[in-house]
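Protein chains in written order, with our numbering: chain A, 36 to 147; chain B, 13 to 136; chain C, 13 to 476.
Worth flagging that the hints you see were computed from the coordinates, not collected in a lab.
Because the structure is a prediction, the values reported are computed rather than measured.
Check each hint, because a few of them may be wrong.
Dumping the calculated SDA-like pairs for lysine to any residue here, alpha-carbon to alpha-carbon at most 25 Å [what the hints assert, rightly or not]:
| no. | chain 1 | residue 1 | chain 2 | residue 2 |
| --- | --- | --- | --- | --- |
| 1 | B | K103 | A | R100 |
| 2 | C | K35 | C | D59 |
| 3 | C | K35 | B | A121 |
| 4 | C | K73 | C | V21 |
| 5 | C | K149 | A | D138 |
| 6 | C | K66 | A | D138 |
Every beta carbon over 12 Å from chain B, so not counted as near; a handful from chain C, in silico [stated by the list, open to error]:
| no. | residue |
| --- | --- |
| 7 | Y28 |
| 8 | G30 |
| 9 | A105 |
| 10 | N151 |
| 11 | F271 |
| 12 | R357 |
| 13 | T444 |
In this text, a Cβ means the ideal position worked out from N, Cα and C, and glycines have one as well.
Okay, here's what each chain looks like letter by letter:
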Amino acid sequence: MIQPPAIPEIIQLIPLKSYLILSTALFVIGIIGVLTRRNAIVIFMSVELMLNSVNLLLIAFSSYRSDPTGQVFVFFIMAVAAAEVAVGLAIIVMIYRNTRTIDINFLKKLKG
Amino acid sequence: MNTNYLPSDFLPIIVQFVLAAAFIVVTMIVTHRIGPSRKSKAKDDPFECGIEVVGNARTPISVKYFLVAILFVLFDVEVIFMYPWAVNFKKLGMLGFIEMVLFMALLLAGFYYILRKGVLKWEE
Amino acid sequence: MYPIVLLSVLGIVVLYLGFLKSKSILLPATLLFLVVAMIGNFFEWNDGELLYFKGMFAVNKLTLTFNAIVLFSAFMIVAMTQGFQDNEEAQPAEYFALMLFSLVGAFMMIGFENLIMLFLGVEILSVAMYVLTGSDKRNLRSNEAALKYFLMGAFATGIMLFGIALLYGASGSFSLNGIESFVTLNQRSPSYLLYAGLLLVLIGMLFKVSAAPFHFWTPDVYDGAPSIFTAFMATIVKTAGFAALFRLLSHSFSGIYDFWWPTLSILTVLTLLVGNIIAVYQDSFKRMLAYSSISHAGYLLIALTSMTKQTENAILFYSMAYSFATICAFGVLIPVAREKSLEGRPNESYEAFNGLAKNNPLLAFVLTVSMLSLAGIPLTAGFWGKFFVFSSAVERELVWMIIVAVLMSAVGIYYYFRVIMAAYMKEGDTATIRIAPFYKIVLIAATLLTILFGLAPGLFEAAM
């Protein structure tokens, strides 16, 4: 790995590996949530958890490399996630108004 | 600064956590035990100043609340793009300013669309 | 570059045109804007390799050709919407604006030079598609499709983002060039961050192009979405997705070909098997088209796995042939299903096509050509698409993969011919279906192009 010269000492206190492990753990928790939960909102929250673990990882890499691009990407992820939240919640509200439930097990109209 | 910590150095933190959790649990158990408990229909009712209970608390909320909340989230988050610009305001110069004006113009175009669609009209 | 700026602005213009009393201006305006974007696209045709936005976006002949295919497909699909005049609840201005915005996302996916651009492109395209999928608000099937598409799409995006973060951690750069130089520098000593990142990005992208085993959302979403938007999804999302995958793999990761080709080849074979074999058991024509789109993702993956000099051309030609044929298929399905509607909703089963040829010879002919092209029968564009894909695999000596692919195309002939048989051989009482003249022109044009490129595939390369 190419190490740029100046990494602030305060950042070095916690090794990069810890951040990697933490964000991977959060990411895996998110994946498990998506795969096992049955409530659309909870699935959605798990997806947000995945996105935030990515943000954490990007910030960590970016700080350790003293390279701001990673942090710029985080801004984009946050903005796009907000747009996604808007659309996703709109879809969930639409379904709730039609069926009075957001349990994805009740959605079985489409079968082949 | 000492960068090498042994696991035993974290012991005070663990002790604090345990104490905090124990305090909550103990208080909850104790209040349940020593407090008198009298149950009646009137007591279990949701408190409504003696007025008869009206309907379910979970009535459908107008979709307008939802729309405003969502729009708030969208416009709120777009502001984060102004932070890097504000920090580097002098460095980015005129070009950065024009780009930001364009960005804001696009946001305002969306805002105008919302106004024309009547999303923010509460009276209707 | 021009089409991105033009369509971003013109999309907003379409949105504002929706405030006018008369909705009839929307369709011609949108078509005009697509033509303007097409002209803008060819402004840079002779400029060679161009970079925009501080090297974050590239324009060259390949990206321009992909743009042209996407724009042309979009033009045909928009023309087929007929301005949503038959639907009271439709919001044509919003639909058209979303389609134009999603094209911006497709262009960004086609020409990205930086992973930030790729992410933005994927998201612009997907978020617009989530809304369009759920645009039939009162229909529970459409609702369900939208929710499934949204949850799975957001999940895929999360996986892809984690991959991008790992790639950034390994190479310290988001730009394709930066990653490429890191890959070539470290060819000997593998960086596990890089490998894990590449795999996760691949999984995310394969989700979007619906390759097995990440295809499970596709049949439900394609089935539940309104047919016209299914056509949009099946053509434009797939073309843009494969353009992005090709760009990523050929540009940044050709140095570690030995690492990713075995993985990709297993997924290719799996996609071919799943798509073709399950398609046989479908009773609904629309659902069959969904599985067929999975199987076509498999053929395109063959080209991607072989990654030779021909791959570029093969993917271009194949996605063009596939797009035209798919648009024809949906173009026939929409009026037929509406005519034969059962219990208030369009009948999309094979039976709806029974006896179509007797009173609607044109529709039956268009359907036949598109099915032949999808099956890869000679004298149609689909044949040459498969030919180019297979010949690029031959160059890489991936014989076993070709054997699977050829066997699976034989399976494909069965389910593609089933609808032709229904149209010509079976008895049915299809009345003459009235279709608008403009609709007819689009169908005929797409069919003629399919035959033209089938007779003379060289025309396409000559145009390049």
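Results for each hint:
A distance of roughly 22 Å separates the Cα atoms of B/K103 and A/R100; the hinted pair therefore holds under the 25 Å criterion. Between the alpha carbons of C/K35 and C/D59 the distance comes to roughly 39 Å, so the proposed pair goes past 25 Å and is violated. A distance of roughly 20 Å separates the Cα atoms of C/K35 and B/A121; the hinted pair therefore holds under the 25 Å criterion. A hinted pair counts as satisfied when its Cα atoms are at most 25 Å apart, and C/K73 with C/V21 qualifies at roughly 24 Å.
Between the alpha carbons of C/K149 and A/D138 the distance comes to roughly 18 Å, so the proposed pair stays at or under 25 Å and holds. Note on C/K66 and A/D138: the hinted pairing is violated, with a Cα-Cα distance of about 46 Å set against a maximum of 25 Å. At roughly 7 Å, the least C-beta separation between C/Y28 and chain B is not larger than 12 Å, which violates its mark as non-interface. With a closest Cβ-Cβ approach of about 9 Å to chain B, C/G30 is found to fall inside the 12 Å limit, against its non-interface label.
With 12 Å as the threshold on Cβ separation, the claim that C/A105 sits away from chain B is violated: the shortest Cβ distance comes to roughly 10 Å. Against the 12 Å criterion, C/N151 stays outside the reach of chain B, whose nearest CB is about 18 Å from its own CB. Even its closest Cβ contact with chain B, about 36 Å, leaves C/F271 beyond 12 Å, as expected for a residue assigned away from the interface. No beta-carbon of chain B is positioned within 12 Å of the beta-carbon of C/R357; the least distance is around 25 Å.
For C/T444, the condition that its CB be more than 12 Å from all CB atoms of chain B holds, with the nearest at approximately 41 Å.
Violation of the numbered hints given earlier is confined to hints 2, 6, 7, 8, 9; the remaining hints are satisfied by the structure.
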